[in-house]
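Asks: Residue-level listing of the chains:
Number of protein chains: 2
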Amino acid sequence: MSLKTDSKVPLYEQIYQYIKSDIQSGRIPKGERLPSTRALSRHLEVSRSTVELAYEQLLSEGYVEAEPYRGFFVAQIEELYHIEQEKVREPEQEEKKQIYRYDFTPNGVDLKSFPYSVWRKLSKEILIDDRTELFRSGNPQGEYGFRSAVCSYLYQARGVNCLPEQVIIGAGSDYILMLLSMILGTGLRIGFEDPSYKHAYQVMKELSYETVPVGLDKNGMKVTELQESGADIAYVTPSHQYPTGIVMPMKRRMELLKWAQEKAERYVIEDDYDSEFRYKGKPIPALKGYDKNDKVIYLGTFSKSIAPAIRLSYMVLPGPLMRRYYEKCGFIQSTVSKVDQLIVQQFIEKGYYERHLNKTRAMYKSRHDVLIEELRPLMDVCSISGEHAGVHLLLTFKNKRSEAELIENARKCGIRIYGMSAYRIRERREQEATILLGYANLSEEQIREAVKILRDSVF
Amino acid sequence: MSLKTDSKVPLYEQIYQYIKSDIQSGRIPKGERLPSTRALSRHLEVSRSTVELAYEQLLSEGYVEAEPYRGFFVAQIEELYHIEQEKVREPEQEEKKQIYRYDFTPNGVDLKSFPYSVWRKLSKEILIDDRTELFRSGNPQGEYGFRSAVCSYLYQARGVNCLPEQVIIGAGSDYILMLLSMILGTGLRIGFEDPSYKHAYQVMKELSYETVPVGLDKNGMKVTELQESGADIAYVTPSHQYPTGIVMPMKRRMELLKWAQEKAERYVIEDDYDSEFRYKGKPIPALKGYDKNDKVIYLGTFSKSIAPAIRLSYMVLPGPLMRRYYEKCGFIQSTVSKVDQLIVQQFIEKGYYERHLNKTRAMYKSRHDVLIEELRPLMDVCSISGEHAGVHLLLTFKNKRSEAELIENARKCGIRIYGMSAYRIRERREQEATILLGYANLSEEQIREAVKILRDSVF
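Residue numbers (my numbering), protein chains in the order written: chain A, 1315 to 1773; chain B, 1315 to 1773.
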């Protein structure tokens, strides 16, 4: 053993490393007694406590065992090290957008309008003092002040009258559904709109729920079909059905609430994902606003309305589920940092959120108008629907063109468009092709250019 | 109907509100035809399009129905509004700390040493440009750069050799367990150390797993008892068993890995929650470092080592589970914002994390030393264990005092101490009382004062 006194590695660690590798390689066999600390320290010309420290490390890692009055013995250690782990290739992140010149994705969010300077300002102000409180564990449910801000917003903008006690904050809608599944428990059947927002459908499926598709008519989810499906929970988007854009009228809403009322364990999940963007008339109040019998689980998010990277969603729970939340998951720690909650709280309370919404709504409205105008010459071959809200519209073709053919022809022209069939749970032969065109990610100029190409060479 | 032309509320909305409230109150009965838009506009002396807008809003909310060529009719709407929701009282956040003059909580984190200025600086730098990329949807698994930083840290500090592809980032350890449960699937039996970290035990129980307690000996979880329990998964804290402080020696680790290897579906969850703080010898490498057969699920967190409000934890998955993750939950969106990931990434890469750890380790070490010194006069009535790592130690009393009595006597003196029985899964009559004393939240001075009181009046 040759020790380096000029090394940055302490002497005791050098000794420990030598002996460890000798044990690992088998040079010191199992059961062998190590030299006494006194003998080794004399031999190596180091202090006895240095050797003791090395032996203790070997002892605590289990390479040697101590026997009282006898010394240290090499322990039996089975084959070690040389980890050869299986390499699993990570799926590549979708880079397809770069292949297309124009992408009419229905899930776009314009980030050019993101209020960077306000965000920076708020973030800076919040971090300015050494506020220990900010970095302590927060309320598992979300900070009370932030939940209050969410309540006022919901009351004013969505007609939802709820208390901060009923609101639970979480890092994104997927997480909120995971938490909700812990509250609801397993063994339930969930009815989904067909066609629908497939992402939530997928999450619920992977959370081991039985999922059943429920058809739509012009008023949204068919309550008779829901009844027949045997579902316990109905997952709906009543303010703006995704992807069809149907606004569920009051009568259907009442039927849905009545269905939920018939059994104690029935609930309606209202996913109010993009109610902020409506171009005609006042915003439609949320179903939760009419929820007299406490049957609606309301889901909302700031990821759509501020930015996807803002991981901030929330749910409003009915009383009975709230009690179950406290019992079963009240101890689950919050997934959103206090700093982020405080930024968004001030963003709402200081009026920035309203201004941001109005600004983006106006911007999306202009793009919407340009798109409709550009599509007008096509009105003999197709019809527009779902155009009063959200950030996409639907084109239904009367000329027997197939969806696949339309998408492929557009692709050849460098344009990405989306087919309705991707949103269906049950496969079905479409009588007429329906294409979704989202406009949140395209400028007015780009929309003009792209629709011109679609008109001339695709549709 | 009297319209206010000077109101901020648009005329169409005033008309809509009037008619809506008349329908709601029943003043216009179900089935009644509304006046034609022409007639009403003449009557109110407003433009016809104003009335049309009001009717459209009523239509889209379902208060009226349109019949072609006949006009608008009041729809049947069941009783509405006047929501009286059940109030559920929110459990009060624990404020007990204020009642106690000294709290020896074993879960404390000193926040005075939190590097506020560095945090502010990094946060400011990251937000300085209008970087659209920062606010776009991130990688569901966590940003690659951040995962790489975690890998280097794990390799250097914990002897874990893994690839960024195997790392999944999540907002807190509870969330990580929720995600893990989606990957593992249901119907498994999980063996927990008894006594143990009850929080994780509780989470797994609420995630519907069958949980079984497995006893400890001086080397940690008894593998023979684990074998007999029929568990599929073993949840362990090998580097520093919580709460006993046992470091699992190499031999036991090998036995545990061998147990896992016997069946394809067996795994070991290694919760490496506070390995950063060790006061004697080198840090013990993680069990994952010896995981030749890809059987260890490694859990780590920055919430303990930086601050509880930093919602950033991670897991390292074995290859087969990684593949299952991509299949089943690869689409679940990340719960941590890119901004937070970038702050912590730079915190690690620029050496701040290492400096922070060394600083807090030194600080905790001093407190640890003061506590041991102050406890020395008690060594004839009790013995110290678990003192080489973490931020708490254990006192076992030889004098037949009961745990409850000790805790109650301390409480009367304004001191909060913690009993071992709270960490046991199976109730058992303790032969000797064991008390946990955490020192992360107390200054050296406070420790001196508090232990003096404990010595004089409690123990």
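Mixed in with the good hints, there may be bad ones.
Note that the list lumps identical chains together, so a pair holds whenever it fits in one copy or between two copies.
Unchecked claim - Here are the simulated lysine-lysine pairs, DSSO-like style, with alpha carbons at most 27 angstroms apart:
| # | residue 1 | residue 2 |
| --- | --- | --- |
| 1 | K1318 | K1594 |
| 2 | K1334 | K1572 |
| 3 | K1435 | K1664 |
| 4 | K1679 | K1594 |
| 5 | K1334 | K1565 |
| 6 | K1642 | K1577 |
| 7 | K1322 | K1642 |
| 8 | K1664 | K1438 |
| 9 | K1766 | K1344 |
| 10 | K1606 | K1318 |
| 11 | K1673 | K1438 |
| 12 | K1519 | K1642 |
| 13 | K1572 | K1714 |
| 14 | K1426 | K1334 |
| 15 | K1318 | K1435 |
| 16 | K1536 | K1344 |
| 17 | K1426 | K1438 |
| 18 | K1606 | K1673 |
| 19 | K1438 | K1679 |
| 20 | K1594 | K1334 |
| 21 | K1536 | K1438 |
| 22 | K1426 | K1594 |
| 23 | K1334 | K1438 |
| 24 | K1572 | K1532 |
| 25 | K1334 | K1606 |
Source of the hints: derived by calculation from the structure; they are not laboratory data.
Asks: Evaluate each hint against the coordinates.
Replies: Status of each hint after checking the structure:
Taking identical chains as interchangeable, the C-alpha atoms of K1318 and K1594 lie at most 27 angstroms apart only when they sit on different chains, with a minimum of 22 angstroms there against 80 angstroms within one chain. Taking CA atoms no more than 27 angstroms apart as the test, K1334 paired with K1572 passes between copies only; the shortest distance there is 21 angstroms, against 72 angstroms inside one copy. Taking CA atoms no more than 27 angstroms apart as the test, K1435 paired with K1664 passes in both settings, with 12 angstroms inside one copy and 25 angstroms between copies. Within a single copy, K1679 and K1594 get their C-alpha atoms as close as 10 angstroms, which meets the 27 angstroms cut-off; across copies the closest is 65 angstroms, which misses it.
Taking CA atoms no more than 27 angstroms apart as the test, K1334 paired with K1565 passes between copies only; the shortest distance there is 14 angstroms, against 77 angstroms inside one copy. For a Cα distance limit of 27 angstroms, the shortest separation of K1642 from K1577 inside one copy, 22 angstroms, qualifies, whereas the shortest one across copies, 32 angstroms, does not. With identical chains, the CA atoms of K1322 and K1642 are never at most 27 angstroms apart, being 52 angstroms at best within one copy and 47 angstroms at best between copies. In this assembly of identical chains, the alpha carbons of K1664 and K1438 lie at most 27 angstroms apart whether taken from the same copy (15 angstroms) or from different copies (21 angstroms).
When the C-alpha separation of K1766 and K1344 is checked against a cutoff of 27 angstroms, the pair qualifies neither within a copy, at 80 angstroms, nor between copies, at 48 angstroms. Taking the shortest alpha-carbon separations for K1606 and K1318, neither the intra-copy value of 79 angstroms nor the inter-copy value of 32 angstroms comes in at or below 27 angstroms. Within a single copy, K1673 and K1438 get their C-alpha atoms as close as 24 angstroms, and across copies as close as 26 angstroms, so both meet the 27 angstroms cut-off. In this assembly of identical chains, K1519 and K1642 lie within 27 angstroms of each other by CA distance both inside one copy and across copies; the values are 21 angstroms within and 10 angstroms between.
For a Cα distance limit of 27 angstroms, the shortest separation of K1572 from K1714 qualifies neither inside one copy, at 40 angstroms, nor across copies, at 63 angstroms. Taking CA atoms no more than 27 angstroms apart as the test, K1426 paired with K1334 passes in neither setting, with 58 angstroms inside one copy and 39 angstroms between copies. Taking the closest pair of Cα atoms, K1318 and K1435 never come within 27 angstroms of each other, the shortest separation being 54 angstroms inside a single copy and 40 angstroms across copies. For the homomeric pair K1536 and K1344, the shortest alpha-carbon distance between copies (22 angstroms) is at most 27 angstroms, but the shortest distance inside one copy (73 angstroms) is not.
In this assembly of identical chains, K1426 and K1438 lie within 27 angstroms of each other by CA distance both inside one copy and across copies; the values are 21 angstroms within and 20 angstroms between. For the identical chains of this complex, K1606 and K1673 are neighbours neither inside a copy (34 angstroms) nor across copies (56 angstroms), given an alpha-carbon limit of 27 angstroms. In this assembly of identical chains, K1438 and K1679 lie within 27 angstroms of each other by CA distance neither inside one copy nor across copies; the values are 33 angstroms within and 34 angstroms between. In this assembly of identical chains, K1594 and K1334 lie within 27 angstroms of each other by CA distance solely across copies; the values are 18 angstroms between and 75 angstroms within a copy.
Taking CA atoms no more than 27 angstroms apart as the test, K1536 paired with K1438 passes in neither setting, with 50 angstroms inside one copy and 51 angstroms between copies. In the homo-oligomer, the alpha carbons of K1426 and K1594 lie at most 27 angstroms apart inside one protomer (24 angstroms), although the nearest pairing across protomers, at 53 angstroms, exceeds that limit. Proximity of K1334 to K1438 under the C-alpha cut-off of 27 angstroms is found in neither arrangement, the shortest distances being 50 angstroms within a copy and 46 angstroms between copies. For the identical chains of this complex, K1572 and K1532 are intra-copy neighbours only, at 19 angstroms inside a copy versus 61 angstroms across copies, given an alpha-carbon limit of 27 angstroms.
In this assembly of identical chains, K1334 and K1606 lie within 27 angstroms of each other by CA distance solely across copies; the values are 18 angstroms between and 70 angstroms within a copy.
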